[in-house]
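S.K.: Position chain B relative to chain A; hints supplied.
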Amino acid sequence: MEAGMVTPAPALVRFSGIQKTYDGEHLVVKNLDLDIRKGEFITLLGPSGSGKTTTLMMLAGFEVPTHGEIYLSERPIKNVPPHRRDIGMVFQNYALFPHLTIAENIAFPLSVRKSSKAETQERVSAALRMIKMETFAHRRPGQLSGGQQQRVALARALVFNPQLVLMDEPLGALDKRLREQMQLEIKQLHETMGITIVYVTHDQSEALTMSDRIAVFNDGIVQQIDRPDALYEHPVNSFVAHFIGENNVLAGTVETVERDYCRVALAGGSTVAARAVNVSGAGASTSLSVRPERVAIIPNGNSSEGPNRLPAKVQNTIYLGDHALAVLDVAGNAEFMVKLQPGAHHGLRPGESVFITFRPEDCLALDPV
Amino acid sequence: MTAAPALGADNKTEVPLKRRLRRAERTRQVKALALVLPLLLFLLFTFAGPIAGMLWRSVEDWEVRQVLPQTVAALASWDGKDLPDENAYAALASDILAARAAGTLAIAAKRLNYALNGFRTILTSTGRNLKAVPEPGTARETLGRINPAWRERATWTTIKDAGGPITGFYLLAALDLTRNADGAIVAAPPDQAIYRDIFLRTFLISLAVTALCLILGFPVAYLLATLPPGRSNLLMIFVLLPFWTSLLVRTGAWIVLLQSKGVVNDSLLWLGIIDAPLRLIYNRFGVCVAMTHVLLPFMILPLYSSMKAISPAYMRAAASLGAPPLTAFLRIYLPQTLPGIGAGSLLVFILALGYYITPALVGGAADQMISYFIALYTTETANWGLASALGAVLLLATVLLALVYGKLVQSQQVTGGMKN
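Residue numbers (this note's numbering), protein chains in the order written: chain A, 1 to 369; chain B, 370 to 789.
Just so you know, these hints were derived from the structure itself, not from any lab. Any given hint might turn out to be false.
[As the list claims (entries may be wrong)] Calculated from the model, a selection of chain B residues having no Cβ within reach of chain A, i.e. all distances over 10 Å:
#1 A403
#2 L452
#3 E504
#4 A687
[As the list claims (entries may be wrong)] Calculated lysine to any residue pairs in the SDA-like style (CA-CA distance at most 25 Å, straight line):
#5 A:K114 - B:F414
#6 A:K78 - B:L695
#7 B:K677 - B:P693
#8 A:K114 - B:L699
#9 B:K677 - A:K114
#10 A:K78 - B:P694
#11 B:K400 - B:F414
#12 B:K677 - A:A173
#13 A:K30 - A:I77
#14 B:K677 - A:T53
[As the list claims (entries may be wrong)] With beta-carbon atoms standing in for the labels, derived distance ranges:
#15 B:R389 - A:K132: 48 to 58 Å
#16 B:F612 - A:G49: 38 to 48 Å
#17 A:H138 - B:V773: 24 to 34 Å
#18 A:G49 - B:F607: 34 to 44 Å
#19 A:M193 - B:A678: 47 to 57 Å
#20 B:L406 - A:Q121: 49 to 59 Å
#21 B:L413 - A:S48: 52 to 62 Å
#22 B:L637 - A:S48: 57 to 67 Å
#23 A:V80 - B:N602: 49 to 59 Å
#24 B:R653 - A:G146: 37 to 47 Å
#25 A:V80 - B:K630: 49 to 59 Å
#26 A:G146 - B:G775: 30 to 40 Å
#27 A:V80 - B:F612: 37 to 47 Å
#28 B:L609 - A:T66: 34 to 44 Å
Nothing here was measured: the structure is a model prediction, and the numbers come from that model. Note that CB positions come from ideal geometry on N, CA and C, so glycine has one too.
Extracted from the complex, chain A is given alone in its bound form:
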């Protein structure tokens, strides 16, 4: 773990030119190259059908790549069966063996490895202590709640000290509160034990909470791999900008490009300055991406010139407890969200005309949607 953050450790897992097709016509995974470092918590994030689960299954050995090779500790593993890969896995529905007790479930990976009885017992109790479920040792999985079952599945996947632990949407079946609690527990386990975790989810907030790095999948391609904050602040394309966090999209045409910045004409005749991230040049159409919390509303009548100043019409305000959202109609986007501090929205009435403003560096010109 100490190596994972500071200096780049050697890749524990390397996907090299991986392609996968099920029907011989469509590639579910298109040309995947991905390095996973030792001690890292990496999340494969994407909508369903984006190829993230297939990627995980190829790593676990339950699917065979159509093309390319996967290396685990520099060793090609395409032809190594799952039970010899030394990879622990936590499944979406826990997959605890219903006919075995909790202790027997956790002991299973040790007993198939022919560990001595004393060692098995010791490690099982240590694992039960780790998940704080010592008193449940002789229960059956069916008598446990979803969260408890997930803890047991976690302990079972960790007890044999695998090189790598895979998690396939492990918290998908839990309710929100329990899910958030388990996220923290998994994160804590990762930090204290220094294990390498590959985590698959379609929930972006889960990915942001837990990961060292996130690989955003769409349409069989990794769109971007980066730290959570970098993904949020510097998305490389519209898909990532839209998938990670809340996002407002404004369609427009590039007028001029000047080094890192460009001027973009919007519907309705206004122009704004934006960071040119993913534009091909003047005349090209583009999608502007602005985060709701980076936009300010200027009450009507105050007309000092800002760099990016757009007329808007208030549609609605939504109260969300810790903050509020104003829904505005801005340059053809009728669902333009602006995040307000509590209490700041009192003045806004539906139908009212206001101005909004945002800094050019908070506005990204990306590929057209």
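M.R.: For chain B alone, coordinates are given in the frame of chain A:
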């Protein structure tokens, strides 16, 4: 502080709440009962009734009591140590004359002949030669003259034993046991002791058929549970196909296939694998083959339903935890199919125990199972008592098996839950 009053209120309303719950439940129960009532009545008359009747018949003993009522009454006080007194002889003579007049003597003769071979002759010859009621005091002498058997104690013990109204005679006979002249239970003479062998044979054939069904059915059920839906439906139709053809047709088909000039023998001869036809039918082999074929779906369906419930994730989890395929199968998959194996085996075994038509058609004399003898005694010799007793023993064995199975399943579900 705030919780206390609420708790008190709960305690106060507890009893009425329970009563209200019961009342609400009662309406539901009545409705449920109304739904099953027609079937319940039907089963009562066609199933529970006949079974109760059979159990009663296996212990009932009415023939002698009805035909020779005075004799039975006179023998009630007899201690059985010596020959009975003159009264009993007189009662017997009067009974025989009355029975002969009514034409019922044969009924008692048949019953007594079960217990003592040759009794039929004793009774009919006595009936034929006894012209009138003997003078008082001469009954013993008269009867003894007609048939010396009346001077033997065993003859009288037999009548006393058969005097009813309840007897263990048939049940003992069904287990190859009998009572000797002193009333002690002893093994039946070897020429009558056939039922233990037949029960053993019935159990062995049923066990063999169950084992064959399990061996053949397990892989098919696994395939059914793991194939994609389209193809598994097709396979399921093949599994169910036997249900849609008559049992007789299927058994007949095996005769066609397996007889000495049948399809199998002809093919083997033609291929030069054998020189003379194999004996494939009218023996144990034919019985096992035909019964396995008929009973296979009863094994496959419970297995299939238990396998269908096993998520493929379990095998994947086992593999990811380091278990090679065989280990994963033996330690994770197989144990989860145990309820299915138990249910299927019990179903096949119990059905096989009562099999009649198939062994009767494709088995030899030494392959007939207990139901054949039950049918024989009911339809041919009209020995209802023995038929019922054999049925009762079979029923008892089946019930015991079902109980043992239920216990096993229950203990499997309960362990772990009760611990800790």
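S.K.: Would you mind marking each hint as holding or not holding in the structure?
M.R.: Hint check results:
At roughly 34 Å, the least C-beta separation between B:A403 and chain A is larger than 10 Å, which holds for a residue marked as non-interface. For B:L452, the condition that its CB be more than 10 Å from all CB atoms of chain A holds, with the nearest at approximately 70 Å. Residue-level check passed: B:E504 sits 84 Å from the nearest beta carbon of chain A, beyond 10 Å. Not every beta carbon of chain A lies more than 10 Å from that of B:A687, the smallest distance being close to 7 Å; the non-interface claim is violated.
Between the alpha carbons of A:K114 and B:F414 the distance comes to roughly 60 Å, so the proposed pair goes past 25 Å and is violated. Restraint check for A:K78 and B:L695: the C-alpha separation of about 21 Å stays at or below 25 Å, so the hint holds. A C-alpha spacing of about 22 Å is found between B:K677 and B:P693, which places the hinted pair at or below 25 Å, so the restraint holds. Under the criterion of a C-alpha separation no larger than 25 Å, the hint pairing A:K114 with B:L699 is consistent with the structure, at around 16 Å.
Under the criterion of a C-alpha separation no larger than 25 Å, the hint pairing B:K677 with A:K114 is inconsistent with the structure, at around 31 Å. A distance of roughly 18 Å separates the Cα atoms of A:K78 and B:P694; the hinted pair therefore holds under the 25 Å criterion. Between B:K400 and B:F414 the alpha-carbon distance is near 22 Å, which keeps this suggested pair within the 25 Å criterion. For the hint linking B:K677 to A:A173, the alpha-carbon distance of about 22 Å falls within 25 Å, and the restraint holds.
This hinted pair checks out: A:K30 and A:I77 have alpha carbons roughly 19 Å apart, not beyond 25 Å. In summary, the hint linking B:K677 to A:T53 is supported, as the alpha carbons are separated by about 24 Å, within the 25 Å threshold. The hint said 48 to 58 Å for the Cβ distance between B:R389 and A:K132, and at roughly 42 Å that hint is violated. About 42 Å separates the C-beta atoms of B:F612 and A:G49, a value consistent with the hinted range of 38 to 48 Å.
At about 26 Å, the CB distance of A:H138 to B:V773 agrees with the hint of 24 to 34 Å. With their beta carbons about 36 Å apart, A:G49 and B:F607 fall inside the hinted range of 34 to 44 Å. Between A:M193 and B:A678 the Cβ separation comes to about 35 Å, which falls outside the hinted range of 47 to 57 Å. Taken as a hint, the range 49 to 59 Å holds for the pair B:L406 and A:Q121, whose Cβ atoms sit roughly 57 Å apart.
Our hint of 52 to 62 Å for B:L413 and A:S48 holds, since their Cβ atoms are close to 56 Å apart. At roughly 58 Å, the beta-carbon separation of B:L637 and A:S48 lies within the given 57 to 67 Å, and the hint holds. The hinted range of 49 to 59 Å is not satisfied by A:V80 and B:N602, whose Cβ atoms lie roughly 36 Å apart. Distance hint check for B:R653 and A:G146: the Cβ-Cβ separation is about 55 Å, which falls outside the suggested range of 37 to 47 Å.
For the hinted restraint 49 to 59 Å between A:V80 and B:K630, the CB-CB distance of approximately 58 Å keeps it satisfied. A beta carbon spacing of about 31 Å between A:G146 and B:G775 agrees with the range 30 to 40 Å that was offered as a hint. Against the hinted window of 37 to 47 Å, the Cβ-Cβ separation of A:V80 and B:F612 comes to about 46 Å, which satisfies the hint. A C-beta distance of roughly 39 Å is found between B:L609 and A:T66, which places it inside the suggested range of 34 to 44 Å.
This entry does not satisfy hints 4, 5, 9, 15, 19, 23 and 24, going by the numbered hints stated previously.
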